[in-house]
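Heads up: the protein sequence lines correspond to chains A and B, in order. Following the working numbering, the numbering of the first sequence begins with 159 at its first residue and continues without gaps. Following the working numbering, the numbering of the second sequence begins with 159 at its first residue and continues without gaps.
Certain hints may be false.
No distinction is drawn between identical chains; accordingly, a pair holds when it is met within one copy or between any pair of copies.
Using 30 Å as the maximum straight-line C-alpha spacing, the simulated DSBU-like pairs for lysine-lysine come out as follows [stated by the list, open to error]: (1) Lys185 to Lys174; (2) Lys515 to Lys460; (3) Lys514 to Lys477; (4) Lys502 to Lys179; (5) Lys509 to Lys211.
These are computed hints drawn from the structure, not numbers from a lab.
There are 2 protein chains.
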Amino acid sequence: MSEYRGYSGRALEFLKQNKVKVGDTIKITTDSDYTGTIMPRYEHTDDKHIVLKFKNGYNVGLEITQVKKVEYISTIEPNQEKNTTTVFNPSLPKVLLLSTGGTIASRVDYRTGSVTPALSAQDLNASVPELSEIANIDAEVLFSEYSENLTPEHWIKIAQRLDSLAKSDYKGIIVAHGTDTMQYTAAFLSFSLAGFPKPIVLVGSQRSSDRPSSDAATNLISATRFIVDCKVNGVFVVMHNTESDDEIACHLGTRVRKNHTSKRNAFETMGGKPAFIITQNEIIQNFSGSYFKEAQYTPNIKIDTKVALIKYHPGYDPKLVDEMINLGYRAIIFEGTGLGHIGKTMYDAIKKAREKKIFLGMTSQCLDGRVNMAVYESGRDLLHLGIVPLSDIISETALVKAMWAVATHDKNIEEIMLKNIASEITE
Amino acid sequence: MSEYRGYSGRALEFLKQNKVKVGDTIKITTDSDYTGTIMPRYEHTDDKHIVLKFKNGYNVGLEITQVKKVEYISTIEPNQEKNTTTVFNPSLPKVLLLSTGGTIASRVDYRTGSVTPALSAQDLNASVPELSEIANIDAEVLFSEYSENLTPEHWIKIAQRLDSLAKSDYKGIIVAHGTDTMQYTAAFLSFSLAGFPKPIVLVGSQRSSDRPSSDAATNLISATRFIVDCKVNGVFVVMHNTESDDEIACHLGTRVRKNHTSKRNAFETMGGKPAFIITQNEIIQNFSGSYFKEAQYTPNIKIDTKVALIKYHPGYDPKLVDEMINLGYRAIIFEGTGLGHIGKTMYDAIKKAREKKIFLGMTSQCLDGRVNMAVYESGRDLLHLGIVPLSDIISETALVKAMWAVATHDKNIEEIMLKNIASEITE
Chain A
159 MSEYRGYSGR ALEFLKQNKV KVGDTIKITT DSDYTGTIMP RYEHTDDKHI
209 VLKFKNGYNV GLEITQVKKV EYISTIEPNQ EKNTTTVFNP SLPKVLLLST
259 GGTIASRVDY RTGSVTPALS AQDLNASVPE LSEIANIDAE VLFSEYSENL
309 TPEHWIKIAQ RLDSLAKSDY KGIIVAHGTD TMQYTAAFLS FSLAGFPKPI
359 VLVGSQRSSD RPSSDAATNL ISATRFIVDC KVNGVFVVMH NTESDDEIAC
409 HLGTRVRKNH TSKRNAFETM GGKPAFIITQ NEIIQNFSGS YFKEAQYTPN
459 IKIDTKVALI KYHPGYDPKL VDEMINLGYR AIIFEGTGLG HIGKTMYDAI
509 KKAREKKIFL GMTSQCLDGR VNMAVYESGR DLLHLGIVPL SDIISETALV
559 KAMWAVATHD KNIEEIMLKN IASEITE
Chain B
159 MSEYRGYSGR ALEFLKQNKV KVGDTIKITT DSDYTGTIMP RYEHTDDKHI
209 VLKFKNGYNV GLEITQVKKV EYISTIEPNQ EKNTTTVFNP SLPKVLLLST
259 GGTIASRVDY RTGSVTPALS AQDLNASVPE LSEIANIDAE VLFSEYSENL
309 TPEHWIKIAQ RLDSLAKSDY KGIIVAHGTD TMQYTAAFLS FSLAGFPKPI
359 VLVGSQRSSD RPSSDAATNL ISATRFIVDC KVNGVFVVMH NTESDDEIAC
409 HLGTRVRKNH TSKRNAFETM GGKPAFIITQ NEIIQNFSGS YFKEAQYTPN
459 IKIDTKVALI KYHPGYDPKL VDEMINLGYR AIIFEGTGLG HIGKTMYDAI
509 KKAREKKIFL GMTSQCLDGR VNMAVYESGR DLLHLGIVPL SDIISETALV
559 KAMWAVATHD KNIEEIMLKN IASEITE
């Protein structure tokens, strides 16, 4: 790790002059006194600020021109080896924790100032000792990105690594993942790894583990218990169900949405209860049936990002659809209003798109409920124009499914989109 | 009304040959028998079907090539004059019902086969007799469009008509409106008519009034009671609060969202309770304070639609932003992930947009909670790139506000966007 990671120009100069570096705890005096640890910065940031993390977990950016005094206090050594040894317990199943980044993997970051969220098995067992009583956990870091920076190429890497583990002796795989785009990744894994024979459980946290309110440990423990106790395969998302620690929800990966920016119970199953509720004493099952509608494992790990998601609104400019046609888009998912409508001003652009054989699907910005384009004449118009109503598939899942469908199927995109593959349609 | 409205080609020929027309009740035999009223059709429809409405309120499209027999039963005369006379009651206040279309105004449609939802005062008082005990209702049809077909030009017309009524003797104005884009219209009226001195109440219905489950009458009665009983001005949306008729919600027009495609209680106030709950016996007030943050009435009825709403997702193509720049867009609202994030792949496009002085605002696709771009480094990057976090303004309201702000203010768009005008920001 660079001692000045992410700092450049004047800010870097400032650190060097004051003989302090990332990971040092210092006291800075501007108009007030601030005591905290110097945090690394990411690319694209300015050179006017340094970032301190306070003991309460919050970060603050301080403008260097305002600094009157810098006082060195102590240094936390990064990547400190712990003496904890993980003992393999032959009576317990094996579970793999595959880390992709996000807040859940950011404890090491914040404590030591390192940006490499290297969650080793030792780290994990040391910080969440309950885990070793449930399963033998192996940990592997696939990459370390906050999920807002994940791209479909990352999805491919996750799917490929999981595919290579289909016949392993792991009982299931936990994917530690940032919460921002977790539902998009869950949807991609659901389609590209249809029929995967083990549970894949995405776990995140809304508060990093160095904060007293962190949900990281309880979510990890619950995911592990779910994998060990429940005999189901599928792609799931395990996050808090309430604001307290006593109810953790396990959602179907294709039907979950992050519906709050900051609450610990930000995730909700759309149109129903969470598939499972994990409490201290039991796992309550609300979902029966199979997650994957066909039992056979048929991996098909491809994606084509020439797919648009249009949130329709009055005044939406049809010229943007023309541009999608020009750019060679292969599918457009309309997030329409109400039962699945878009205005007449869009009809000409839709006709042009259909002439180019672009698949056009309809979901609703209502989030909940099913699209039904047969109720009103305007819906029927859109049906006649060739827009396909996508039942109650949620918009984000429909987008990802279309990205996958156009990459894996030359024709019959409509048929694939309407086929219930991974519980994306409520039956 | 044309007797064959919306029918062309083979379908028109079929009606003429069988000597039946729109509004006739007929029995059609295909493989089964269907008895219902011939419904008018809209433009853009094919010429292969005729549409019948059954007594239960549902429509069906029947393919004419499958028809074996047509039997005429009866005709409902359109626009039948009723003998009900509205008597002005000087002890009650006056309320205007301004109709723009939508399901709430579709009773006449469905019963008579007419597509002109001419809600006359007589019609209204006859069908909802309770109204005349609460207020003297005048009715006026501004236009008749399902709200998915409304455009910002329609918003302007509604706002101009309301502006002309600012000093009238109406206690308040009810705007009958389709539910699909009701929240967008409510937002526009809130900004363009800031400080309007009377309550403006948008009312819709999820089920047309010819169906037993219609919510039209209860919503209208509740809106009228709200106007008469509550001494507040502002822009509100009155719709069912539960699936039954006993609780009607009155939402703040800038904070409401249609969150279910079909339920009667589809509308929800984001991030809080409805401002008022109207029950059989009382009106419960959850909202105190003023809807408009400045008391003075300052109408400013303009709009510029060169504003985009981008729902960000992994794989979003920055070239679409380039195209918005080329098309001369003046503002872009990003509906980001989580606390207000978009991926690094967008940074270059964002820089280009900022160079062109395009206003860039951030909301969250989480729907609930506030954006906070200071928590994570990626959020801070976006702040440095010039994206403005829009607190907890909901995406659709932010879009409409930006359309209004760029049309009414040459500079300081950021200042206007962050100024709480009509309770769009929860304080």
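Outcome of the hint check:
Only within a single protomer do Lys185 and Lys174 lie at most 30 Å apart by alpha-carbon distance; the minimum there is 16 Å, versus 89 Å between protomers. When the C-alpha separation of Lys515 and Lys460 is checked against a cutoff of 30 Å, the pair qualifies only within one copy, where the shortest distance is 21 Å, while the shortest distance between copies is 38 Å. Taking the shortest alpha-carbon separations for Lys514 and Lys477, both the intra-copy value of 15 Å and the inter-copy value of 20 Å come in at or below 30 Å. Taking identical chains as interchangeable, the C-alpha atoms of Lys502 and Lys179 lie at most 30 Å apart only when they sit on different chains, with a minimum of 26 Å there against 60 Å within one chain.
In the homo-oligomer, the alpha carbons of Lys509 and Lys211 lie at most 30 Å apart only across protomers (28 Å), although the nearest pairing inside one protomer, at 55 Å, exceeds that limit.
Violated hints for the displayed structure: none, as all numbered hints are satisfied.
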